[in-house]
Amino acid sequence: MAGAAVLGRLTWLAADVIGAAAETPRVRTLRLHADEWPGHRAGQHLDVRLTAEDGYQAFRSYSIATAPDDELAITVERLDDGEVSPYLVDELREGDRIEVRGPIGGYFVWDASERGPLLLIGGGSGVVPLMAMIRHRAGTGSSIPARLLYSSRTLEDVIYRGELDELAARQDGFELFHTLTRSQPEGWAGYGRRIDAEMLREVAWPAADEPQVFVCGSTRFVDTAADGLVAIGYEPQSVKTERFGATG
Amino acid sequence: MSSEDRRLDGNAIGGLLLELFGLELTAAMSICRSCGSEEQVARLHVYADAPGVVVRCCHCERVMMRIVRAPGRTWLDLSGTGSLELRELD
Chain Z
1 MAGAAVLGRL TWLAADVIGA AAETPRVRTL RLHADEWPGH RAGQHLDVRL
51 TAEDGYQAFR SYSIATAPDD ELAITVERLD DGEVSPYLVD ELREGDRIEV
101 RGPIGGYFVW DASERGPLLL IGGGSGVVPL MAMIRHRAGT GSSIPARLLY
151 SSRTLEDVIY RGELDELAAR QDGFELFHTL TRSQPEGWAG YGRRIDAEML
201 REVAWPAADE PQVFVCGSTR FVDTAADGLV AIGYEPQSVK TERFGATG
Chain C
1 MSSEDRRLDG NAIGGLLLEL FGLELTAAMS ICRSCGSEEQ VARLHVYADA
51 PGVVVRCCHC ERVMMRIVRA PGRTWLDLSG TGSLELRELD
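Chains Z and C are the protein sequences, given in the same order.
Going by our numbering, the first residue of the first sequence is number 1, and it counts up by one from there.
Going by our numbering, the first residue of the second sequence is number 1, and it counts up by one from there.
If you're looking for bench data, these hints aren't it; they were derived computationally from the structure.
Some clues are possibly wrong.
Unchecked claim - Going by beta-carbon spacing under 10 Å, a handful of chain C positions derived as facing chain Z:
id : residue
1  : Glu4
2  : Ala12
3  : Gly14
4  : Gly15
5  : Glu19
6  : Ala27
7  : Arg87
A virtual CB, placed ideally from N, CA and C, is assigned to each residue, including glycine.
So here's chain Z without its partners, still in its complex pose:
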């Protein structure tokens, strides 16, 4: 075991906000730079800590959105009654400094050197760690077949919409399937309902193809997707899941 690296204590690092961009009206991507950041794997998250003037501290976990070779960025959804996310989405400016620690996680991670195919199922901001995997796949020139089934409320709520369309248009083995659960624009060609076993049967490879499966979203979304995959023959252990909390 790589002693020092593994046993090193997890410490808070100062991180400068080097850029911020709106993804949707409720979601923003923050590009960060931290001098001693050790790098990350696709699918990992980090913790953000904010300290108020009176010393009160709050921290939350956010998935890393970028590929391992790229700069560090997180994508944050504003939860209106949240303690941290409204500040990150609405207030934080380029040049501001926050604290981060990580990277965190060794289970919900994917490397382009692993076998395929790759099945990604995301609900809402659950797409963020999956996007890190998609960007990693694209950035390494991987030809591993990959499919993303992405559930959003409306078209306006779709995070990374332009980039996902562009990646799917390359026709390099990445396929994109949207479902919009609340409203669909006129002429919408994607799905228009909550995820279910029938949708999974249409999108997912047969279990016999042994895809690597990653599911991320709210607890209800993840449970529904994971149960649906088991219903169409997937081994429960083969479905890697990550659930987002409702505190932001």
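Given chain Z, work out where chain C should sit, using these hints.
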């Protein structure tokens, strides 16, 4: 909010475990002392909105870990966990 909506999974305590043990533990294999199920820590049920963190077996729902933090100290009850198997990173 129902208890089902409050339920997270072991990914959510990756940072806490890394802080306490200095090790990435979400991919570690755990054994439930009650029912003997083997699962990676990331798959366990986690309730993190109590005064402490409660980790339950995802099969029998018995408590496997309780972690309570206070200023300057941490209280850890692992009596529901039979074992944890750490795999070396490649």
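Status of each hint after checking the structure:
no.: 1; hint: Glu4; result: holds, 7 Å
no.: 2; hint: Ala12; result: holds, 7 Å
no.: 3; hint: Gly14; result: holds, 4 Å
no.: 4; hint: Gly15; result: holds, 5 Å
no.: 5; hint: Glu19; result: holds, 5 Å
no.: 6; hint: Ala27; result: holds, 4 Å
no.: 7; hint: Arg87; result: holds, 9 Å
Of the hints listed earlier, there is not a single one the structure fails to meet.
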